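Read off the chains here:
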Amino acid sequence: MSEIKMTVNGKPVGGDVADNMLLVEFIRETLRLTGTHVGCDTSQCGACVVHVDGKAVKSCTMLAAAADGAEVTTIEGVANGGLHPMQKAFNDNHGLQCGFCTPGMIMSGIDMVNRYKAEGKTLDEAAIRHELEGNICRCTGYHNIVKSISQAAGEM
Amino acid sequence: MSQGIGAAVKRKEDKRFTTGKGKYTDDIRMENQAYAAFVRSPHAHARVNNMDTSAAEAMDGVIAILNGAELTGDGIGNIICGWAITSKDGSPMNMGAWSALATEKTRYVGDAVAIVIAETNAQARAAAEAVEIDYEELPVAASLAAALADGAPQIHENAPGNIVYDWEIGENDATEAALADAAHITEMDITNNRLSPNPMEPRSAVAIYDDAEDHYTLYTTSQNPHVARLVLSAFYNVAPEHKLRVIAPDVGGGFGSKIYIYPEEIACLWASMKTNRSVKWTSDRTEAFLTDAHGRDHVTKARMGFDQDGRIVGFKVSTKANFGAYMSLFSSAVPTYLYATLLSGTYNIPNIYCEVLGVYTNTVPVDAYRGAGRPEASYLVERMIETAARELGKDPADLRNINFIREFPHQTPVIMNYDSGDFEGNMRQAMVAADWAGFGARKAESAMRGKLRGIGMSCYIEACGIAPSAAVGSLGAGVGLWESAEVRMNPVGTIEVLTGSHSHGQGHETTFAQVVADRFGVPIDTVQIVHGDTDKVQFGMGTYGSRSGPVGMSAIVKALDKLEVKIRKLAAHLLEASEADIVIEDGQVKVDGTNKVLAWHEVGLAAYTGHNLPEGMEPGLKEGAFYDPLNFTFPMGCFICEVEVDPQTGKTEILKFVASDDFGTIINPMIVEGQVHGGIAQGVGQAMLEEVRYSEDGQQLSASYMDYAMPRADDLPDFDVLHHSTPCTTNPLGMKGCGEAGAIGTPPAVINAITDAIGNNDLSMPATPAKVWAALNSAKVAAE
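Sequence lines, in order, name chains A and B.
Using the numbering used here, you'd call the opening residue of the first sequence number 32 and step up by one each time.
Using the numbering used here, you'd call the opening residue of the second sequence number 1095 and step up by one each time.
Rather than coming from a laboratory, the hints here were simulated on the basis of the structure.
Since this is a predicted model, take the numbers as computed values, not measurements.
Heads up, the beta-carbon is just placed ideally off N, CA and C, and yes, glycines get one too.
Since no wrong hints were added, every one of them can be taken at face value.
So the derived list for chain A, only partly shown, Cβ under 8 Å to chain B, looks like this:
1. GLY66
2. LEU114
3. PHE121
4. ASN122
5. HIS125
6. CYS129
7. PRO134
8. VAL177
Pairs of lysine to any residue, SDA-like flavour, derived with a Cα cap of 20 Å:
9. LYS1395(B) <-> GLU1485(B)
10. LYS1537(B) <-> LYS1750(B)
11. LYS1106(B) <-> GLU107(A)
12. LYS119(A) <-> THR1113(B)
13. LYS1115(B) <-> GLY108(A)
14. LYS1109(B) <-> GLY113(A)
15. LYS42(A) <-> GLY100(A)
16. LYS1865(B) <-> ARG1787(B)
17. LYS1745(B) <-> ALA157(A)
18. LYS1104(B) <-> THR1620(B)
19. LYS178(A) <-> MET1764(B)
20. LYS1750(B) <-> ASP155(A)
21. LYS119(A) <-> ASP1619(B)
22. LYS1656(B) <-> HIS1695(B)
Given the sequences, and given the hints that come with them, work out the whole structure.
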């Protein structure tokens, strides 16, 4: 067991966790923030993407203990009331159907827009499609997800 | 802006999904929650000689380990197949027994033999690993060829030669005679690759037993919770229907795989009673590959004959269909009534004969996956006609055009009666959008860069709106396939629609509300759609086969009709007018040509106070309806795909994809186009990326996302989705259904494009770079 402390969506949290507990389990089962999803066992699908210290991380690839001291943001914490422009863009462009991959898509979308802006690069459609390598959606064919991220990139 | 029929209204349900507030089954945690893990066979075919659970039972947190003998001992019934198919010789199908927990034998890798209940998920999984089973391995038949070979291992005692049925449809003699007189015959061997549906949410169940009431509740990832309750009650003897509530909350995609009632749900319900604990199980992705019903897996030989003018004179098809180790709920209908009945395609074909051999193998059960039989039919017909055009030296659009059905209703030789469509109109629209005429110049430009460009089309048709109950009953279906709806108008004027359809991505909370908004002019925010709970909705057949529009919404329309009659009668009484003069619009009830008006809530309040009702009218505003379709519906369309192949590597890129569909009336074009996008992506997945593969000894080689190629964003282009609608003539809204079209029409368009590029028709799905490269080079060798 390890004692950990971290900030999740701006709130200090902590406790004793098993050494093999994944960050996603800590988020879903200990904190009961169930917007972060698990869609595979091999870190391919991206349904579990959260932000750790400002970077997109698949929370199924990180131990909870390894996030000790980190600032974590989940889908529940991306907007301060209202909707984040990325959340709004997914609604505007029908960028979701069943909604299961959506939290991970939104977290990856925010991360890619932030990175491209910081590096002064253009996030065009080809770049969005390339960046979505680690997020799988089975419903939308990605067409409207690409449009959603593109719209949000112009608004963020 | 209008919120009625035809408006691209943004989805009402999105807010909870985009903010992480969706409630999926795995998000539910009960007080005193226990967790289940399954002990699964590592062998594809083995006798279970002995099971030693002593070490596992001693492990931390273990509550119980239960096996198949105890399950059957408690009277839990075997898993059923709901559609009886009769063989050519009149004999019933040979169905082997399928227990939720295998007793004497396991028949595929993943077949469950025991359920472990523990305090935590990790403890349950650890204990499942520690159960020691003495397996006696048996010879394995993991493919159609192996199961049909001489001396093949017998998978079920009562299915000699592993044959479930040997079925036929159409006229063999007439078809053979037509082929004998044909001026040209195109002959092909076609394989339809085996797929795993892969909704992103893995299956999950939370089973809750209340010993005080002897009552069960099951939260589950289901497309049809009422069918689940029916089967769990009537056949699996878990509990009678009034003692079992099934709730399918937010469900993260289905694509067919969440129609069926699987061993895990049965075992969790039973285990919750045995342990008096709430029992939760959530599949991981590998478990999903090992246990979710797979799709497709056909091997077909076909001959299509043409006369001197290019008119099709006969079509003979012989198909072998792999059912896996057990017959899943609708599996028997997929390669028969959902497949062979569509072999006329969009064409006048006077003579059709099809025979289908259904075969057991030591693999995961195979059942309906998005399209279910219709993608297999469409792939076959559209590859045959494209290949025929190439052999005959005819333009593929021209060959299709001279064979298109143009008069409706049209009776095919294989049961279906098409009601409507404009097949040429759709094809022409797609050809214009794809700039078919300019292809030659683009091909030349690609050639200058050393690339091979190809173009291909498919003019698919499918059958949705499943289905007229009496008709499917006469063909062997065990259930009626109507849908139900109830419309309740509250005293304040808000409306609740209770539907037996289930939304797991299709946006029913929005589109169904649009139908109400269209009828009464009320805002969609005042309409609530209730679904997915057997305690709230009386009954329903669920969502699959693109039926929620043509069947589910037709039931809502019928209930709205009844509600409107009562509202008119009540308003005429209150406004002292004739019913014929009552107009309902913009959420108000008016007397035509006067300034007499009732606000919407005034109608509701009057109905519920009951102070001033017409003679004999009951208080309240609540109406229900069951809608049984008159016919199947027939969505159709033309898809055109343009690809570029790198001859050095065989890598294929889709440059353009155009879909022009006829879905009849469209409620919300944004949502309909989203359905098409997703269907095309799954079709491209089948055509170029996806395949479940087994080793000879029955190990699944593609049981993770490291091994099974799911379509990613950069595998796909933007899609050009168009509509060319003719209303369906057999349901009130004129709807045909749109959920499966993309997956049905896409694979042949993609493969027709790639084979056009490489100049070799002998290419199977998935068309991986290695296969494309080999097909390209074998064509070159043959030419030299």
